[in-house]
Amino acid sequence: MDAHNHPPLGISAISVHQSAWELENDWFGETMPRKFAHHTGIEARGISLEDEVTMGQHAVRRLQRETGCDLADCRGIVFVSPSFIPPAIARRHLDPEQAANERPRHAARQLARRLGMRQCRTIGLNWFCCGYSRAFAVVSRRWAPRLALRHDEYLLVVTASRISRITDFGCRQTGGLFGDMAAATMLAPVTSHRHPVHFEVVHADAEKQPAERPAFDFHVRPGVPVPVPGGGTVHADERLVYSLDGMAIAEIAPRAMSAAAGKALAAAGLSGGDVNFVVPHQAGSGIVRFTGMKLEDYGIHGELINGLTRRTGNVSACSLPHALRETWGRLTGLIACPTAAVGSPGRPEVLQGCILLRSTAFHDRQAAAAA
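The numbering of the sequence shown is the working numbering, which starts it at 1 and goes up by one.
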């Protein structure tokens, strides 16, 4: 992060809220391809019966319990949700009241009110699977220079993904890919003693790039099978669902993530050889493997984190905070966290981003002591 007149920010803590209901692959029966688990590593995924704001609230309350943080010290919340329906699609298919409820910025304010943080700065984002890197870029470029956080203050990035509500569970290609999850990440000044930083944010960015063809859109489908707790199924008369070109995504995502990592390193004046770990968006084990191959083109040979989708599915914007939390004690040195995502529905574009983190002396001491 640019440190003009303010100390850099870093990650002090991450808390994750997972849905109690896990939907196993067996539920899909013959609609799931035989090699699905082999190619993706996914055996089950979380399904939330609560909305995104409630999920985000659970993640923040868990953060409070785990860290003892005082929400009065929080200066801002970036709320990220990839499962909100984009405005143009919402206006086309939903009534005005329903469409109004699909606005992330409205959800961000609602979350702050529920948490009793009425004076807190808020912003809402979608950006699909790049939402976490986009949120860090917003904090880096817009908020950090203006807020001048005191040593005891912090910001929250809250991600809540409930893609199950827009999934076509009858689609062989996409029905089993995504899972639901929420996470809360605390960002504090690296000088903070109340909230010691484990990973300093060195760089963060997210951007749109052109693609050869659209790989993502929304459709209204009749008779969509929908799982219910206990293993049953109901059929929706009509359901607004997303569609993905799986083959196109499998080709685009590894290239986009590796390019984003290379660009971030160049912007930070670093090289591929400086990277100790790569924690990419966990889209599925196959895509992460291909990403590792493409990263070699940029001289990036750090240890690649993979295989975290087995019981969660692709949790979209929650993927990076979940992966960082799961591998917290292992990570040291420079960590590259690239992401890739579909662009706007029906448009030939791809989103890509990367967060560069560096472990602090405080983190390294704790990791060594734990080992």
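Take these hints with a grain of salt, some might be off.
Derived pair list, reagent style DSBU-like, types lysine-lysine, alpha-carbon separation capped at 35 Å [claimed, not checked]: (1) K208 <-> K294; (2) K35 <-> K208; (3) K35 <-> K294; (4) K208 <-> K263; (5) K263 <-> K294.
Pairwise CB distance ranges (calculated) [to be verified]: (6) G286 <-> R113: 40 to 46 Å; (7) H6 <-> D217: 37 to 43 Å; (8) E66 <-> H38: 50 to 56 Å; (9) P348 <-> R114: 22 to 28 Å; (10) V234 <-> T191: 52 to 58 Å.
Honestly, the hints are just simulated from the structure, not real lab data.
No residue lacks a Cβ here, since even glycine has one placed at the ideal position from N, Cα and C.
Hint-by-hint comparison with the structure:
no.	hint	in the structure
1	K208 <-> K294	19 Å, holds
2	K35 <-> K208	32 Å, holds
3	K35 <-> K294	23 Å, holds
4	K208 <-> K263	13 Å, holds
5	K263 <-> K294	13 Å, holds
6	G286 <-> R113: 40 to 46 Å	41 Å, holds
7	H6 <-> D217: 37 to 43 Å	42 Å, holds
8	E66 <-> H38: 50 to 56 Å	35 Å, violated
9	P348 <-> R114: 22 to 28 Å	38 Å, violated
10	V234 <-> T191: 52 to 58 Å	54 Å, holds
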